[in-house]
Amino acid sequence: MTAGDWKRRLEEWLTEGTIATIIPEVAALRGVPQPPEFHPEGDALTHTLQAVAEVDDLDDERVFWAVLLHDIGKKSTTRFFNGRWRAHGHADVGAEMARDILNRNGLEHLAGDVYWIIKNHHYKQSWNLKADQLLSRNQRRFLEHPLFTLLEKVCAADSAGRKINGTSP
Numbered sequence: 001m002t003a004g005d006w007k008r009r010l011e012e013w014l015t016e017g018t019i020a021t022i023i024p025e026v027a028a029l030r031g032v033p034q035p036p037e038f039h040p041e042g043d044a045l046t047h048t049l050q051a052v053a054e055v056d057d058l059d060d061e062r063v064f065w066a067v068l069l070h071d072i073g074k075k076s077t078t079r080f081f082n083g084r085w086r087a088h089g090h091a092d093v094g095a096e097m098a099r100d101i102l103n104r105n106g107l108e109h110l111a112g113d114v115y116w117i118i119k120n121h122h123y124k125q126s127w128n129l130k131a132d133q134l135l136s137r138n139q140r141r142f143l144e145h146p147l148f149t150l151l152e153k154v155c156a157a158d159s160a161g162r163k164i165n166g167t168s169p
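If you number the sequence shown the way my numbering does, the last residue is 169 and the count never jumps.
Just so you know, these hints were derived from the structure itself, not from any lab. Remember, predicted model here, so these are calculated numbers, not experimental data. Don't take every hint at face value.
Derived DSBU-like pairs: lysine-lysine, alpha-carbon spacing no greater than 35 Å straight-line [said to hold, decoys possible]:
no.: 1; residue 1: 7; residue 2: 163
no.: 2; residue 1: 124; residue 2: 163
no.: 3; residue 1: 124; residue 2: 7
For each label pair, taking beta carbons as the anchor points, the in silico distance ranges come out as [said to hold, decoys possible]:
no.: 4; residue 1: 105; residue 2: 136; range: 35 to 41 Å
no.: 5; residue 1: 4; residue 2: 148; range: 28 to 34 Å
no.: 6; residue 1: 140; residue 2: 1; range: 14 to 20 Å
no.: 7; residue 1: 124; residue 2: 9; range: 15 to 21 Å
no.: 8; residue 1: 84; residue 2: 22; range: 29 to 35 Å
no.: 9; residue 1: 136; residue 2: 104; range: 35 to 41 Å
no.: 10; residue 1: 4; residue 2: 109; range: 17 to 23 Å
no.: 11; residue 1: 141; residue 2: 16; range: 41 to 47 Å
no.: 12; residue 1: 18; residue 2: 144; range: 36 to 42 Å
no.: 13; residue 1: 37; residue 2: 103; range: 33 to 39 Å
no.: 14; residue 1: 84; residue 2: 30; range: 28 to 34 Å
no.: 15; residue 1: 15; residue 2: 83; range: 21 to 27 Å
C-beta atoms are modelled at their ideal positions from N, C-alpha and C, and glycine is treated no differently.
My request is simple: use the sequences and hints to build the entire structure.
So, in structure tokens, the structure goes:
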């Protein structure tokens with residue numbers, strides 16, 4: 001299946017109201033707060049659905065699943081700390097949850113790759129590179145990972161899925 005096939009199926013689940021039965025972890029993102037300076041679109045479910053809408057229909061199904069599940073760890077990790085909402089560790093927690101969700105839904109063949117993509121979907125924030133800096137050996141190795149191109153697509157959808165009134169901040 002392609003990402004587009006899964007997007008259509010997700011739309012059916014949302015329309016029929018079966019998403020809470022099939023993937024309750026996604027439905028549970030409704031109302032999970034996010035810092036408005038980074039997520040003016042609102043709660044984690046709104047962001048997730050906007051990010052999914054950004055996935056190209058012809059993309060690999062792993063991109064769809066990684067985008068759909070990339071923030072599911074926020075339900076259990078979101079706390080109000082030092083004046084704003086934070087979800088420290090949500091990528092690690094979410095990667096584990098995603099593996100369980102995919103296995104539970106008969107998609108074991110996707111679980112390992114989606115786990116890696118979700119676990120690393122904030123890699124750019126951790127690198128803090130300036131224009132004149134060179135990449136380390138580990139960073140170059142990371143860029144050569146066979147899933148890196150899929151990770152970049154997930155990061156692009158994640159970034160684009162922050163719209164308020166149809167436009168990104």
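Now for the hints, and whether the structure bears them out:
1. As the CA atoms of residue 7 and residue 163 are separated by approximately 19 Å, the hinted pair is consistent with the 35 Å bound.
2. Straight-line distance between C-alpha atoms of residue 124 and residue 163 comes to about 20 Å, which keeps the hinted pair within the 35 Å bound.
3. Restraint check for residue 124 and residue 7: the C-alpha separation of about 26 Å stays at or below 35 Å, so the hint holds.
4. Checking the proposed 35 to 41 Å range against residue 105 and residue 136 shows it holds: the Cβ atoms sit about 37 Å from each other.
5. Look at residue 4 against residue 148: about 22 Å separates their beta carbons, and that is not inside 28 to 34 Å.
6. Against the hinted window of 14 to 20 Å, the Cβ-Cβ separation of residue 140 and residue 1 comes to about 33 Å, which falls outside the hint.
7. Checked against the hint of 15 to 21 Å, the C-beta distance between residue 124 and residue 9 comes to roughly 30 Å, which is inconsistent with it.
8. Remark: the range hint 29 to 35 Å for residue 84 to residue 22 is upheld by a beta-carbon distance near 32 Å.
9. Between residue 136 and residue 104 the Cβ separation comes to about 37 Å, which falls inside the hinted range of 35 to 41 Å.
10. Roughly 19 Å separates the CB atoms of residue 4 and residue 109, a value that falls within the hinted 17 to 23 Å.
11. Checked against the hint of 41 to 47 Å, the pair residue 141 and residue 16 passes, with Cβ atoms roughly 44 Å apart.
12. Taken as a hint, the range 36 to 42 Å holds for the pair residue 18 and residue 144, whose Cβ atoms sit roughly 40 Å apart.
13. One distance hint, 33 to 39 Å for the beta-carbon pair residue 37 and residue 103, holds here, with the actual separation near 36 Å.
14. For residue 84 paired with residue 30, a C-beta distance near 20 Å fails the hint of 28 to 34 Å.
15. Checked against the hint of 21 to 27 Å, the pair residue 15 and residue 83 fails, with Cβ atoms roughly 38 Å apart.
When each numbered hint is compared with the structure, violations occur for hints 5, 6, 7, 14 and 15.
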